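Student: Below are the chains, spelled out letter by letter.
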Amino acid sequence: MLTIENLHARVGEREILKGLNLHLPQGEVHAIMGPNGSGKSTLAQVLAGREDYVVTAGRVSFGGQDLLALAPEERARAGIFLAFQYPIEIPGVNNAYLLKAALNAQRQARGETAVDAFEFMKLIKKKMELVNAPKDFLNRSVNQGFSGGEKKRNEILQMLLLEPRLAVLDETDSGLDVDALKVVAHGVNSLRSPDRSMLLVTHYERLLELIVPDRVHVLAGGRIIRSGGPELARELDARGYDWIATEATA
Amino acid sequence: MTNAPLHSVANHPLPGPASTRPRREAALAEFSAIGWPTPQRERWRYTDLHGLVGGDFDLAPSAPQRAELELAAPLLATTPAANRECRLVFVDGHRIPELSATTIENLEIADLETGWRGFEASYADRIATKDHPLAALNTAFTQQGLWLRVPARTAVAAPLHLVFISSPRAALAPQPRIVIETGEGASLTVVQYYIDSHPGSGWINSVTQVQQAAHSKLDLYRIQRHSPEQAHTSLLAAEVGADAELTVGYMDLGGRLVRNDVDVKLAERGARTELFGLFLAGAGQHIDDHVLVDHAAPETRSDENFRGIIGRRGRGIFNGKVIVRPNAQRIDARQSSDNLLLAEHAEIDTKPEFEIYADDVKCSHGSTVGELDADQLFYLRTRGMGEAEARELLTAAFAATVLERVRDLETHEYLVGLVAAELTRIAEQPK
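Note that the protein sequences, when read in sequence, are chains A and B.
Counted from 1, the first sequence has number 156 at position 157 by numbering that gives the first Met the number 0; the numbering is strictly sequential.
Counted from 1, the second sequence has number 58 at position 59 by numbering that gives the first Met the number 0; the numbering is strictly sequential.
Treat the hints with care, as some may be off.
Unchecked claim - Pairwise CB distance ranges, derived in the manner of DEER restraints:
| id | chain 1 | residue 1 | chain 2 | residue 2 | range |
| --- | --- | --- | --- | --- | --- |
| 1 | B | G365 | A | H185 | 38 to 46 Å |
| 2 | B | N105 | A | K181 | 54 to 62 Å |
| 3 | B | E409 | A | T55 | 54 to 62 Å |
| 4 | A | Y96 | B | A9 | 55 to 63 Å |
Claimed, not checked - Cβ-to-Cβ under 8 Å is the rule here; a few derived chain B residues that face chain A:
| id | residue |
| --- | --- |
| 5 | F353 |
| 6 | D374 |
| 7 | Q375 |
| 8 | F377 |
| 9 | Y378 |
| 10 | R380 |
| 11 | T381 |
| 12 | R382 |
| 13 | G383 |
| 14 | G385 |
| 15 | E386 |
| 16 | L392 |
| 17 | A396 |
| 18 | Q428 |
Said to hold, decoys possible - Here are some chain A residues pointing at chain B (derived, C-beta under 7 Å):
| id | residue |
| --- | --- |
| 19 | V10 |
| 20 | E14 |
| 21 | L69 |
| 22 | L81 |
| 23 | G91 |
Bear in mind the hints are in silico, worked out from the structure with no lab data behind them.
Given the structure is predicted, the values throughout are model-derived calculations rather than measurements.
For every residue, glycine included, the Cβ atom is placed at its ideal position computed from N, Cα and C.
Throw the hints in and build the complete structure from the sequences for me.
Tutor: Okay, here's the thing in structure tokens:
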């Protein structure tokens, strides 16, 4: 599904990703863990196509396509979804409008017919129940005045609606209390399927108790320095990151 | 009437019955003494009427003929003023009875010439013509005009639409004058439209005067959607009484050279005003808003929000002045001016001015000039929206936050559609 080879990327003058390799097969859920500043969010933004993150070397292939050649909207239409760590507030743009426009942009790119307002409401209502979204969620401006938890649930709602082939969740657990975390995890788990892959970028192990990954990768200094099964996450939680960094440089 | 270069305006024949002549002559003499506003005056620093003054205009156009009226009807059908019973229509400065309501419940409708004595005493002399020379020109050349009065403790149920249409006749410069009075506790919503029945190159110079008694409420919206070669100057001079409320919404979507002056005096304790505006300035358009709020009494409140969207080779100006008089304690004055530049070679000048002579006041102002937010654009694109579509959506959203202040739902909806169409026009202008 997703293969990253020797990826180098910089922001401004600073090189952040320094030769990252990762293979995420179809149907699997992988977690990327690592200390602050290791490059986790940069990886998420690069995959989504953020223009001020400049790729200086390496390749990313997604379902056989050269991902780096695609504009952000083309990536989205190809089935990539990024749940933002800090979802953007857009005053004046109605949340329902965004959801419907996004869905139809992607449907049309796939040669499907656009959904009308009636079909959209039917579709979105079910998804809203899944993430416990309040009724006025649709009528508010995108993320404006949303609490931290509401913003994250809105990201998950978008993901449930768009049903991406690859979901990248950037610190979706940060700033959530236990109950909100459960809601988010439930939403994500409901989307797990043999033809969908997920990349969970996280700092803490607690999300991975609720969404159990197939593989865990440790990102430090701009590269994957260790990979393992779900037990690696528990070990990191108990021991921190320093020991791996030491082993890796040793 | 005849056309003649505006710089020799003193020779233009004055309109109206003989009884109105002395005041008109005085106004014309006043105007001639002050002279045309030029960029040498601070208030007119950015707006040069030079091109206008060189033109030949008829300042008091004759009444339109059937051909002109037939063009007006289909225009009206596309606005919320489609229903004749809630509108008054003017073509080239003349009120057209066959297109207008005859009576409206709780509203006294008169013209200025009939009540000229009262107009002279209460309104003609009230405007400081040194600051607003074009108002003197308006007094000299306005024709029948319009005088609206809502009696005390009554409400006009539906919005009143005042539609000013410019006909295809060449080089006209009508000078409409509107007086609106709300009695104690009365309420009224007025929507003014300025539209052209064909792409013309005329000039319209309008003056609206508002007098609000205590506890009255007036919502006044003005929608200017001239064709690309029209010039438009306007003055709104309002006096708001005790605990009365004035809402003013200015939407400038068209025109080549546009200058709006809004002067609001919060004259008595507890008077409040909410002022907002949106202008779209595309290639070759110059739009200048000068807003003055005078806090002349204690516990008065003003809230100003103006937004400009400027395309390539467009030009916008916002000047917001607030005066707080020495006795005007415990007032609250807020002002914001936010501007969006859509391209290079777009220009905006925005300037707040506060003159505060009281010590127990709350005043705030902020102004921003910027491009579309890169984070918002990226976010929308990651959801599958194309870049052009995302830009259009965010630009419309920038406008939407002003449009949301329009309380009349039908007018609001109409504006949303109109602004979307105009934004597309600006976006499609050659780079």
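Student: Against the structure shown, which of the earlier numbered hints fail to hold, in ascending order?
Tutor: Violated hints (numbers, rising): 5, 18, 19, 20, 21; every other hint is consistent with the structure.
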